[in-house]
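**Student:** So the chains spell out like this:
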Amino acid sequence: MAAHTSTVRGDHPGMAEIRPPLDTVLVLVSPENIAFEYRLAGPALRSLAFLIDLMLLVAVAGTAWLLFSVTGTALMGFYLAGLFFLWWGGTAAFEVLGNGQTPGKRAVGIRVVSHDGLSINVSQSILRNLIRAIDAAPPFLPGVVSMVLTTRMQRLGDLAAGTIVVVDRRVTASGPPRAASAPNLAAELIPAGFTPPLRLLEALADYVGRRRDLGPARRQEIAGLAASRLVAAWGTSASRDDDALLCAVYDRATLERNR
Amino acid sequence: MTVEEMVKLHAAEWQALEDDIAWLRGPSFRRRESQRILGFSRRYRAACSDLALAIAGRFPPETTDYLHQLVADAHSQLYRTESFSFVDWVRSLVVVVPRRIVTDPCFWIALGLFWSLFLGAGAAAILRPSYAVDLVGTATLAKMEEMYTKSPSSAASDAQRSMATGFYVFNNAGIGLRAFVGGILGGVGSLVILGSNAVFLGVIFGHMLTSPQRANFVEFVTAHGPFELTAVVLSAAAGLRLGWALLDTRGWSRLESLRRTAPEALSTAGLATVLFILAAFIEGFVSPSTLPYRVKAAVAVGTAAALVAYFLAPLAVFGVGRGRTRPDET
Chain W
1 MAAHTSTVRG DHPGMAEIRP PLDTVLVLVS PENIAFEYRL AGPALRSLAF LIDLMLLVAV
61 AGTAWLLFSV TGTALMGFYL AGLFFLWWGG TAAFEVLGNG QTPGKRAVGI RVVSHDGLSI
121 NVSQSILRNL IRAIDAAPPF LPGVVSMVLT TRMQRLGDLA AGTIVVVDRR VTASGPPRAA
181 SAPNLAAELI PAGFTPPLRL LEALADYVGR RRDLGPARRQ EIAGLAASRL VAAWGTSASR
241 DDDALLCAVY DRATLERNR
Chain D
260 MTVEEMVKLH AAEWQALEDD IAWLRGPSFR RRESQRILGF SRRYRAACSD LALAIAGRFP
320 PETTDYLHQL VADAHSQLYR TESFSFVDWV RSLVVVVPRR IVTDPCFWIA LGLFWSLFLG
380 AGAAAILRPS YAVDLVGTAT LAKMEEMYTK SPSSAASDAQ RSMATGFYVF NNAGIGLRAF
440 VGGILGGVGS LVILGSNAVF LGVIFGHMLT SPQRANFVEF VTAHGPFELT AVVLSAAAGL
500 RLGWALLDTR GWSRLESLRR TAPEALSTAG LATVLFILAA FIEGFVSPST LPYRVKAAVA
560 VGTAAALVAY FLAPLAVFGV GRGRTRPDET
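Those protein sequence lines, which keep their order, are chains W and D. Be aware that the first sequence starts at 1, since it is given in my numbering, and climbs by one per residue. Be aware that the second sequence starts at 260, since it is given in my numbering, and climbs by one per residue.
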């Protein structure tokens, strides 16, 4: 998935209008008046999680059947009644106890949350898992059709229960982000009163966030692309350390914004 | 303050908030310390303002994404509603749910439809024997007749009885739940399952009442009949409620209407499942037992009376209430 789709190119200073990314991102506003984002999970990830859960269920039911069949008919009644609850309520139990995650969802890194961003409650979980009987009904798979047709990629069970399935980003990023700037050596090269336009600042933020993953030569190469244009625009002599120059521009601009 | 200093300054607090979230996601029966909860809510609000700062200050995407996830996770824990009141639950079970079901046209539609189809098919099968053959085939009828050639009163072991009970739970309650969830297709699924079951059962009843195995058949089906047939009707009524919410939206959007109605319908379906399970126990342990028919008939009368009392007593004692859509009763 592309991170951002820019619609405005060129050097519009300051107030460039940026269209929200054409993406599967859901923005929710909390009572603290802060908008936070959820990334929605699509049919592919969700089907994978479903298949993993299904295989687990078959494995558990199969093992239990072997155990119970050895003991004879006495416990087969318990087995069948247990199978009923496992089949219709097993996933729901996992979702409630696992804070929206079944083993399959945990494996692929997705989570069920309520459409208002809260943890799901018992009734929501039972509803969405009962209605899966319809959602997964061949040949038309109404759940997949519904996911394609709804903006928040909800199957029928999600629509009735008021739930969404989101990507749990913690699978890829763990721990707080690293502080990502460089020592501010090149600040004196920047002309006083220079404020980078917003789009340049965002590009700089991307660069500063990722430069630690790059080797020194690659840093200079990438930073040189922007630094050479900045230096040309300022009419100053070329910097010796383009990487440090970009970090300095970024630090100074954010310093002003953070004040 | 540069971004670097800012991230360094707050990283420990963010990590502490992450730990709080993991702690809150853990087993809920663990005793929760109020001091830690207070610290959590304070850290959450701090993270909110950090996120606002990160967005406005154009922090690197890694930092902003991290804070988005952190705030979202903390938000879902802080505002989760987990309160469970036993008194409310009992009140819901014995007052709110039965009253809502009886005042719900969907229930009466399902009830009327089921019994008219059941009795109609039964009467047709009695009057014209070929009707039953056309509808379910000779093989099914022969199997039914063979099943009831022996008296249902048998001294089967408890093991066999419990196995039969387990099968009835798995099969019958499963049909009930399908009748419920089929309602999300505009009620059509519920109507199809309700109608086909009513006609099938009606034909079997009609046919068996004209067959030589009549006495055995009646002796077997009497005891669990009231619970099982009511459960079928309730399942379909719950499904119809779900489907009707898509048609009559009472001013909400279609999806909002569905979402608001679904918990009500779910409680009806839950009641139906309980009845199916009770019926399975009766069907497994009472119906095929050696108890005299008088006792089995008494069970049928008793369960039917209990159902009538359950549905009508709240209405008689507490009145109709303030309508079906009280928000605190969903």
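The hints are simulated quantities; they were obtained by calculation from the structure and are not laboratory data. Quantities reported herein were computed from a predicted structural model and do not represent experimental measurements. Fair warning: there could be bad hints in the mix.
[To be verified] Chain D is faced by these chain W residues, among others (derived, beta-carbon under 8 angstroms):
(1) ILE34
(2) LEU45
(3) THR63
(4) ILE134
(5) ALA160
[What the hints assert, rightly or not] Each pair of labels, with its calculated beta carbon distance range:
(6) D:ASP507 x W:PHE85: 31 to 37 angstroms
(7) W:PHE78 x D:GLY578: 41 to 47 angstroms
(8) W:GLU188 x D:GLN274: 32 to 38 angstroms
(9) D:VAL451 x W:ASP206: 53 to 59 angstroms
(10) D:GLN274 x W:ALA61: 24 to 30 angstroms
(11) D:GLY454 x W:THR71: 36 to 42 angstroms
(12) D:GLY510 x W:LEU255: 28 to 34 angstroms
(13) D:SER413 x W:PRO138: 36 to 42 angstroms
(14) D:SER413 x W:THR150: 51 to 57 angstroms
(15) D:ALA565 x W:TRP65: 49 to 55 angstroms
(16) W:TRP65 x D:PRO471: 34 to 40 angstroms
(17) W:VAL145 x D:ALA565: 39 to 45 angstroms
(18) W:ARG152 x D:ALA415: 48 to 54 angstroms
[What the hints assert, rightly or not] Derived, one-sided and incomplete: chain W residues facing chain D with beta-carbon distance under 7 angstroms:
(19) VAL70
(20) THR73
(21) SER123
(22) ASP251
Note that the Cβ used here is the ideal one computed from N, Cα and C, for glycine as well.
**Student:** Are the hints correct? Go through all of them and say.
**Tutor:** Okay, the hints, checked on the actual structure:
Satisfaction of the interface hint for ILE34 (chain W) is found here, the shortest Cβ-Cβ separation to chain D being roughly 4 angstroms, below the 8 angstroms cut-off. The interface hint given for LEU45 (chain W) is broken, as the beta carbon of that residue sits about 17 angstroms from the closest beta carbon of chain D, more than 8 angstroms. With its C-beta approaching chain D no nearer than about 17 angstroms, THR63 (chain W) sits outside the 8 angstroms limit, and its interface hint is violated. This hint holds: ILE134 (chain W) has a C-beta 5 angstroms from the nearest C-beta of chain D, less than the 8 angstroms allowed.
Satisfaction of the interface hint for ALA160 (chain W) is found here, the shortest Cβ-Cβ separation to chain D being roughly 4 angstroms, below the 8 angstroms cut-off. Hint check: ASP507 (chain D) to PHE85 (chain W), Cβ distance near 33 angstroms, so the stated range 31 to 37 angstroms holds. At about 43 angstroms, the beta-carbon gap between PHE78 (chain W) and GLY578 (chain D) stays in the expected band of 41 to 47 angstroms. Separation of GLU188 (chain W) from GLN274 (chain D) is about 36 angstroms and conforms to the stated range, judged on CB atoms against 32 to 38 angstroms.
For VAL451 (chain D) and ASP206 (chain W), the Cβ-Cβ distance of about 55 angstroms falls inside the hinted range of 53 to 59 angstroms, so the restraint holds. Under the hint 24 to 30 angstroms, the C-beta atoms of GLN274 (chain D) and ALA61 (chain W), about 41 angstroms apart, miss the expected range. In this structure, GLY454 (chain D) and THR71 (chain W) meet the distance hint of 36 to 42 angstroms, their C-beta atoms being roughly 40 angstroms apart. About 52 angstroms separates the C-beta atoms of GLY510 (chain D) and LEU255 (chain W), a value inconsistent with the hinted range of 28 to 34 angstroms.
Roughly 40 angstroms separates the CB atoms of SER413 (chain D) and PRO138 (chain W), a value that falls within the hinted 36 to 42 angstroms. Between SER413 (chain D) and THR150 (chain W) the Cβ separation comes to about 54 angstroms, which falls inside the hinted range of 51 to 57 angstroms. Judged by the Cβ atoms, the range 49 to 55 angstroms given for ALA565 (chain D) and TRP65 (chain W) is violated: they are separated by roughly 36 angstroms. Between TRP65 (chain W) and PRO471 (chain D) the Cβ separation comes to about 39 angstroms, which falls inside the hinted range of 34 to 40 angstroms.
Distance hint check for VAL145 (chain W) and ALA565 (chain D): the Cβ-Cβ separation is about 43 angstroms, which falls inside the suggested range of 39 to 45 angstroms. Taken as a hint, the range 48 to 54 angstroms holds for the pair ARG152 (chain W) and ALA415 (chain D), whose Cβ atoms sit roughly 53 angstroms apart. Residue-level restraint check for VAL70 (chain W) is violated (minimum Cβ-Cβ distance to chain D is 14 angstroms; threshold 7 angstroms). At its closest, the beta carbon of THR73 (chain W) sits 4 angstroms from a beta carbon of chain D; the interface hint therefore holds under the 7 angstroms criterion.
The closest approach between the C-beta of SER123 (chain W) and any C-beta of chain D is roughly 5 angstroms, which is under the 7 angstroms cut-off, so the hint is satisfied. For ASP251 (chain W), the suggested interface contact is upheld, since its CB lies about 5 angstroms from the closest CB of chain D, less than 7 angstroms.
Of the hints listed earlier, those the structure fails to meet are numbers 2, 3, 10, 12, 15 and 19, in rising order.
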